[in-house]
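Undergrad: Each protein sequence line maps, in turn, to chains G and H. Oh and the first sequence: position 37 is 427 in this note's numbering, straight run, nothing missing. Oh and the second sequence: position 39 is 42 in this note's numbering, straight run, nothing missing.
Honestly, the hints are just simulated from the structure, not real lab data. Note that this is a predicted model, so its numbers are computed, not measured. Every residue gets a Cβ at the ideal spot worked out from N, C-alpha and C, and that includes glycine. Please note that the accuracy of each hint is not assured.
What the hints assert, rightly or not - Below 16 Å or equal to it, Euclidean Cα-Cα: the simulated EDC-like pairs (lysine to aspartate or glutamate) are: (1) G:Lys-431 - H:Glu-82; (2) H:Lys-73 - H:Asp-41; (3) H:Lys-56 - H:Asp-41; (4) G:Lys-494 - H:Asp-41; (5) G:Lys-497 - H:Asp-57; (6) G:Lys-393 - H:Glu-30; (7) G:Lys-458 - G:Glu-434; (8) H:Lys-73 - H:Glu-62; (9) G:Lys-497 - G:Asp-420.
Claimed, not checked - Rough simulated footprint, nothing fancy, chain H against chain G, three-plus residues with beta-carbon under 8 Å: (10) 413 to 420; (11) 492 to 502.
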Amino acid sequence: ELKVEQNPLFLSMQEGKNYTIYCNYSTTSDRLYWYRQDPGKSLESLFVLLSNGAVKQEGRLMASLDTKARLSTLHITAAVHDLSATYFCAGGYGGSQGNLIFGKGTKLSVKP
Amino acid sequence: DAGITQSPRHKVTETGTPVTLRCHQTENHRYMYWYRQDPGHGLRLIHYSYGVKDTDKGEVSDGYSVSRSKTEDFLLTLESATSSQTSVYFCAISETGAPWALHFGNGTRLTVT
Numbered sequence: 391e392l393k394v395e396q397n398p399l400f401l402s403m404q405e406g407k408n409y410t411i412y413c414n415y416s417t418t419s420d421r422l423y424w425y426r427q428d429p430g431k432s433l434e435s436l437f438v439l440l441s442n443g444a445v446k447q448e449g450r451l452m453a454s455l456d457t458k459a460r461l462s463t464l465h466i467t468a469a470v471h472d473l474s475a476t477y478f479c480a481g482g483y484g485g486s487q488g489n490l491i492f493g494k495g496t497k498l499s500v501k502p
Numbered sequence: 004d005a006g007i008t009q010s011p012r013h014k015v016t017e018t019g020t021p022v023t024l025r026c027h028q029t030e031n032h033r034y035m036y037w038y039r040q041d042p043g044h045g046l047r048l049i050h051y052s053y054g055v056k057d058t059d060k061g062e063v064s065d066g067y068s069v070s071r072s073k074t075e076d077f078l079l080t081l082e083s084a085t086s087s088q089t090s091v092y093f094c095a096i097s098e099t100g101a102p103w104a105l106h107f108g109n110g111t112r113l114t115v116t
């Protein structure tokens, strides 16, 4: 059974600093996703990682996948207030592409 | 939001009453999903559909049923609502090929009193 754990669950950062969110998963998963959710809003797809060593970057966010370690990371570079949100990782399982197991989310607060 | 409309957006209902939530897509995607989001649990899959009249259970399907009579519509029914089903419900759709990203609707906030 696939289990996904994120840490930390809460993260308070200062603007301009760097930090990493970690996502560990328990069994083989052939795809790993990162989503962003603003309060009261829907989830926005950030990254889909499909293979070992995959690295994707968008602006100040960079995601990577190490399937051997069963670990994905979301690295934040020079944080800005607009990045404040909750970030979820999710691992895929089963025959349907949308069968995902989500982590509990990391609530990120970026302060001036 | 990728052509996904959920209705209603908010609903308050009493324990024991039936409730149906609707998800409508304009993307003609084959796969549709219902997730629920609760504090401390992230999102959990309730049911999904891989085509018209083709559905299957997710990890928290007890107390829920679904139907899909048309490609564009996926209905979630709580036959007899309970307080434990108070949650935010998200519908999602996905492409058939890579990268298989899920696109979510705006959610329905359901309160069962």
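Undergrad: Determine for every hint whether it applies to the structure shown.
TA: Against the structure, the hints:
1. G:Lys-431 - H:Glu-82: Violated: Lys-431 (chain G) and Glu-82 (chain H) sit about 27 Å apart, past 16 Å.
2. H:Lys-73 - H:Asp-41: violated, 29 Å
3. H:Lys-56 - H:Asp-41: Outside the cut-off at roughly 28 Å; violated.
4. G:Lys-494 - H:Asp-41: holds, 9 Å
5. G:Lys-497 - H:Asp-57: Violated. Lys-497 (chain G) to Asp-57 (chain H) sits at ~36 Å, over the 16 Å cutoff.
6. G:Lys-393 - H:Glu-30: violated, 31 Å
7. G:Lys-458 - G:Glu-434: Violated - the C-alpha atoms of Glu-434 (chain G) and Lys-458 (chain G) are around 27 Å apart, more than 16 Å.
8. H:Lys-73 - H:Glu-62: violated, 24 Å
9. G:Lys-497 - G:Asp-420: violated, 26 Å
10. 413 to 420: violated (count 0)
11. 492 to 502: Coverage by chain H holds for the stretch 492 to 502 of chain G (4 residues, Cβ < 8 Å).
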